[in-house]
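Build out the structure end to end from the sequences listed, making use of the hints.
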Amino acid sequence: MTTLPQHPIRCALTALAALSLAQTLPAQALQTNAQTDPAASEPSQAIGRGGALEEIVVTAQRREENLQSVPIAVTALGAEDIQQMRITNIEDLSALAPNLNITNQGQQSTPAMAIRGVTSGTSDNAVDPKVGVYVDGIYVGRSVGAIFDLADIERVEVLRGPQGTLFGRNATAGALSIVTAAPTGEFGISANASVGNDDARRGKITLNLPEWHGLRTKLSYLYDEIGGYADNLIGGQRIDVSARAPGFGRLRYADELGGKEVNAFHFAAQYDVTDRLTVDYRFDYTDAETVGNPQQVVAPLPDQTGQLWGAVLAFQPLTGGITNIATDQLGAVAAASSLERVETLGHNLTLTWDINDSTTLKSITGWRELEQDPNIYDLGATGGVRFTEAQFLALLGGNVPGILDPAVQPGPNDSFFSLLTARSTSQEQFTQELQLQISSDQFDLVTGLFYFEEESPARSVLGIFQPVAGGVVTANPVLDPLFGSGTTVTTANNDSAAAYAQLTWHLSDSVDLTGGLRYTSDRREIDIDSLAGATGAVLGLGNYKVDYEELTYTGIATWRPTADITTYAKVSTGYVSGGLLSGIPFEPETLISYEIGVKSQLLDNRLRLNLAAFYSDYEDLQLQAFLNGRQFFDNAGEATIQGAEAEVEWLPLEGLVLSASLGYIDHEYEEYLQRTADGGFVDITDDVDQTFVPKTTGRLSAQYYAPAFSNGLQVYGRVDGAYQGDTTLTANTLRDAEGNAVPLNKERYLDGYWRVGARLGLAGIRLGDSNISASLFAENLLDEEYYPNETTVFSLTRMYARGRTYGLEFSIDL
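Quick note on the working numbering: the sequence shown kicks off at 1 and runs consecutively.
Estimated spans, in silico, between C-beta atoms of each pair: (1) G717 x T562: 29 to 39 Å; (2) T676 x E369: 36 to 46 Å; (3) A243 x E670: 41 to 51 Å; (4) T327 x T676: 27 to 37 Å; (5) Y519 x A52: 41 to 51 Å; (6) S521 x T733: 37 to 47 Å; (7) V195 x T676: 48 to 58 Å; (8) L436 x P246: 44 to 54 Å; (9) N66 x N740: 50 to 60 Å; (10) I87 x G739: 42 to 52 Å; (11) T733 x S440: 55 to 65 Å.
Note that these hints are calculated values from the structure, not bench results. Just so you know, even glycine gets a beta-carbon here, dropped at the ideal spot from N, CA and C.
See the structure below:
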């Protein structure tokens, strides 16, 4: 039984219908178009013509360049890699580039990203992400909804290190740039469908239309569904939070946890107004219905509030509650988690005017929206706990007989939460960029103006030690003031304007000097209409405005001793604006990075080897913490981050590509100041660890296309292994009420593990004018049991990832 609505394999049926239609069309109208979907029948993009690795073109510096010539650390994945590794959303990119780690925070709509030791993941609408996400050059302003499926991705670029000059918003960690495929101008249909375990169904169809008077168009549709991977022991029950948040109503607990259903559309159009003026329009829409991943309890925390919660759990055998306590993965838990629906859409209009052969002017206009419906997620894993208000008041008073009194025992719809969270949010954003590019034998210049504005209202219900009587959450005049329960209602209105320029001067055929500057002006405004006490707010209700200005820069010296080797030394800075999070003011954070690197193409371009080393000074880190039932968001202090990265790709023989990458990070806090309950600060530098940042990340990959048979059939296979080293998942050392470290601390760490995927297929199957491939695939092939996320809110809770998945996939290219 799945928590998501039952549907047929919509896209698979569409693909079959398209194939049937194709057979009825005149044969001359059907032209096999490899550009429509290279993954359908083509060998790997890395296998170039003539037995050499193929050139990879990226836009990491806002102009098209050979990846091996760009003097920055960037990893690019093309359509073939995306298809073969089944990269369906941003989360799947984790560990595919050195020092890149991405997971979700329980709710599948909100990613926690880390690049080179800088972590981004706060979901509040007042906090900018540390990793900038871009779709066709348009900045995605909010973390919520940033894990979205696009129907037609051509390339993903992972830029490592601060982005302080060229890309829309400043970022201290790096950027993920998603490029969707352009229309080809030739008629073509490609379709892809797969089925797998856990009731997985996925399908995609893309239609390219013939060029008409300079107009090229394309339409893609994606359907992706998978069932949950843990049963919900309280699935089907309902909770009414409308007394706390009017409009939320009664939310239904999902029957299974970790499932999703996604519908995504993509439309692209290009029109050549003249030989020198092109209009490029993109539209994407994603409707994602997901259920949060299962959380389970390792143990209550040893501090004062944790001990109180531990006492509640101790009575659960008597009240019939479910504690979800286990250190091994459970197949079923009790979770107060509902279906979460998030809709995202975006419009992108780019006008490109080639003024002359060396000068190009671009206008890039974007509009994006997201809508997150009201939902509840059981982050504390306490939805199955049964306890009444009267029992809890007796517990606070040390009245054990009062707890056991038959008259106050919980009824069938009574429950008790250590942490209850329900939320809805939305966002509308507008971006406008004017960009001028000048290229000559002497220099290359990219300069422009950028503007961003957004409006983002949010409503959050927070219940701390929250009794629920008869399935209804109500205000409690005794417990609410004591523990800070309530509803937070805010609206963030943010504006940012910037001017930038980056000049590369060609001193000689082998030496370049690059300098870039960006001036940014940020205006942050928040309307606070309601506040829950546990938000840790410093400010009360009202309207607040703050302004920030920052000048960031980039400097690069590039030397190419040969045509196949690029070396560089780089210094760059990044900045993330300050603001007001639910009444908590915070300042900007900044980072300066020093980097050296070399990129090489060797053995007649059969071997690529790219190396980089970096050192970063990180100041005023924006960090979120939960202590004793209160939220804290502060500028923690200073950190130094140093590391190294290596990427290699080798074509030892025709058809076989071997690739590997390795990343290493040493992150050390120089100063970490944490706010105390009385508004002061305490230095905990020696008592805190960086979270979600493994010291080592790695990837091994082998792809082989056997020689084709005389009838065109070709066997291929691929194996990918992504490694994440030992990782700390929670920041603070766990201590008891007397300040002593406790044995529970050993559970805060995740040992290193491999996540292995494999594919075995047959390409070149001909059916009329159609080209078909079929393959078997598996992800997490070794069925590794790992938990990429933990939280410390009254209990140490843990989120295990999905186990092994496998299935059968077909691709058709007409």
